[in-house]
Amino acid sequence: MLRMRPSATDPVVQAGAPRAATAARVLVIEDEAETAEHMREALAAAGCVPDLAHDGPTGLERALAEPYDVLIVDRMLPGLDGLSLVGRLRDAGVHTPILFVTAMGAVADRVEGLQGGGDDYLVKPFSFAELNARVAALARRSPTPPRERTVLQCADLALDRLERTAERGGQAISLLPLEYKLLEYLMLHAGQIVTRAMLLEKVWGFHFDPRTNIVETHLSRLRAKVDPPGAPPLIATVRGAGYVIRPPA
Amino acid sequence: MTRALDQDAEASGARGLDRLSRNTGMRLAAIQIVIVILAFTLAGYLAQAAISRLDRDTMREHMLGEIASLRDEVVQKGRAHLPYTVAKRTRLWRGFDYRLATPDGRLEAGRLPPAAIGWTEVSGVPARTGAERHRFLVYTERLADGSSLSVGRDLAESAKEMRAVNRALFLCGALGAAFCLAASLAFNIQAWRRIAQVARSARRVSAGRLDVRTPVRAGPPRDDLDDLALTFNTMLDRIGALIDQLRQVTTDVAHDMRTPLTRLRHKIERLRGTLAADSPEERAVARLDDDVGEILRTFDALLQLSEISRQTPPEAVMDLASAATHVAEAFRPDIEASGRRLEVACAPAAAAADPTLIAQVCANLLENALRHTPTGTLIRLETSTGESGSHLRVLDDGPGVPAEAREAALKPFVRLETSRTTEGSGLGLSIVAAIAQRSGARVVLGDAGPGLMVDLVFPPAPPPSDQAV
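Sequence order for the protein chains is H and L.
Everything in the first sequence is counted per our numbering, starting at 1 for the first residue and increasing by one.
Everything in the second sequence is counted per our numbering, starting at 1 for the first residue and increasing by one.
Misleading hints may appear alongside valid ones.
[Claimed, not checked] Simulated restraints on C-beta separations:
1. L64/H with L264/L: 31 to 37 Å
2. Q153/H with Q245/L: 53 to 59 Å
3. L305/L with R221/H: 51 to 57 Å
4. D91/H with D224/L: 41 to 47 Å
5. R221/H with A403/L: 23 to 29 Å
[Unchecked claim] According to the in silico footprint, chain H covers these stretches of chain L (three or more CB under 8 Å from chain H):
6. 45-59
7. 153-166
8. 332-340
No wet-lab data here; the hints were simulated from the structure.
Built from N, CA and C at the ideal position, the CB exists for glycine as well.
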């Protein structure tokens, strides 16, 4: 559940408009027909080209046969469970990014899924915004591994990952360690929507949902530093979805 | 070998004596030994009394014989010769001491001190050793001329004999007791070890290690302890099967509930997408979405409760301080924006726990403090290492929780009267309690004087490996 509280001054944009330069091909392997259909619609609305498979063996066959950008795999599938399916794909040399969607939300299950070859893990019931943001993050992975990108740039904002410093328009920005991590994550996904849950997981390492607005509070502090009054804002709140950092339109 | 086993071994060394005293077999052995000692003491006492009575009788007979022989001497050789005979018998010493005194009491011969007529006991210096004073049994007779003749027997001589008897009895008693102890140990230690093995397995199982089984001896001669071990293992198999069944039910429920909830959520989201932003309809659907979100939160929390309680206890050691500091810093802006203050005092504290779950514990406790205290409250997050183990504490100086309500506060869905109107599922503290229990920690709700103190006490752990959140 997302509880955004955009303040009056925050730049707010509407989600939903396709932003992908090239449409990502996504295979959804999900046995529950209605959920699969909803996911297909949501992904199509976000500009992806989704395919559906309703059981493990079919999913495996199609994933091996066609080049997809992202695979969405349910953990519990008839015929062949999700974990084994991913294991077989990886054994066959297929390294397509995989997003597990599952009803099994325990920490142990999550760890098992990620160690079993999954790239990300989404617990049911998720929102479409969450699904799209995760798929986008996996599909638009930069060809350069994130580790090797030492300077991140967005308009006149630059982040030096070796020096751990940030500056905007030549003006140094003083960041607390956590604000640095937050900005780094946003900039690694520049132009992509990152959700509250993604920030909690990837920046804080929290696999639970705090009831307090810790993401919102920290983000508004970061925003005050990154987007000073007068400068065109770079960090935007995407209504009902999350946040995005991108050059001003 | 696992850390838990090492700890067990250590503990058994430290508490060995204490355990020995609590062991049934050893208690039985101790009782047997006491009975043997008492029996020998009583036997010794009775024997001594009997021997001593016999001895006195013999002694008196001999003394009467001796005095009769002296009387014969007087008859045969005359009274004048008596001092010579007494002096000679004193010198030659045949086991008796003497005294011959004139009618006015002057000593004529012998060394015994004066004694009344008949049987008496006096103390004097024995003729033979001539050193310290001994007790003597004396028989004194008045002769025809009015002089007195005493024959005495040194009682120390018979005491010496009695001591020899006592020594023999004591030796027998000690040997008997030692034999009892050795026999008990031989019979008990084996049984004791096997019972301890069952107890150790039971402890580890109750700490969540359901795969542990008690070793059962190979070989056909099966005794009652083998039966106990087998029964215990059978019980564990049964419990394991029940838990697996429960786990399956939980997974099924999760799947069956989450699927329709996913559909519901997606339908709401699609409906919302068709409505104009910020229209009254869109806002109503948004509230609907919030309500579904609330249901899902409670559902997730419940599911998590059951998931935590079936997880294997963590074995990796972490530093509670780093997890606590990390969470505190995440929450600090919100806590401060709410008009409350946050103090963090985290000293290194090692515990065998899961960093992700400890982060959740800290978050739940801080949110709990944030939700149930008035503005201006000071919230304190502490970690420390004490004698009883590592502590993770959250304290506040708010209104606190009355002592009688504290235990209930840890139960699922319990919300205290004052907070019934505030949001929250009432599962936050139950999840804290479940996570604590799984890590072998105790949760103590106490008085922070004023305010509430929630104290998690983790059992002592070896120094942390380099792990953080």
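Taking the numbered hints from earlier one at a time, note which ones the structure violates and give those numbers from smallest to largest. 3, 4, 5, 6, 7
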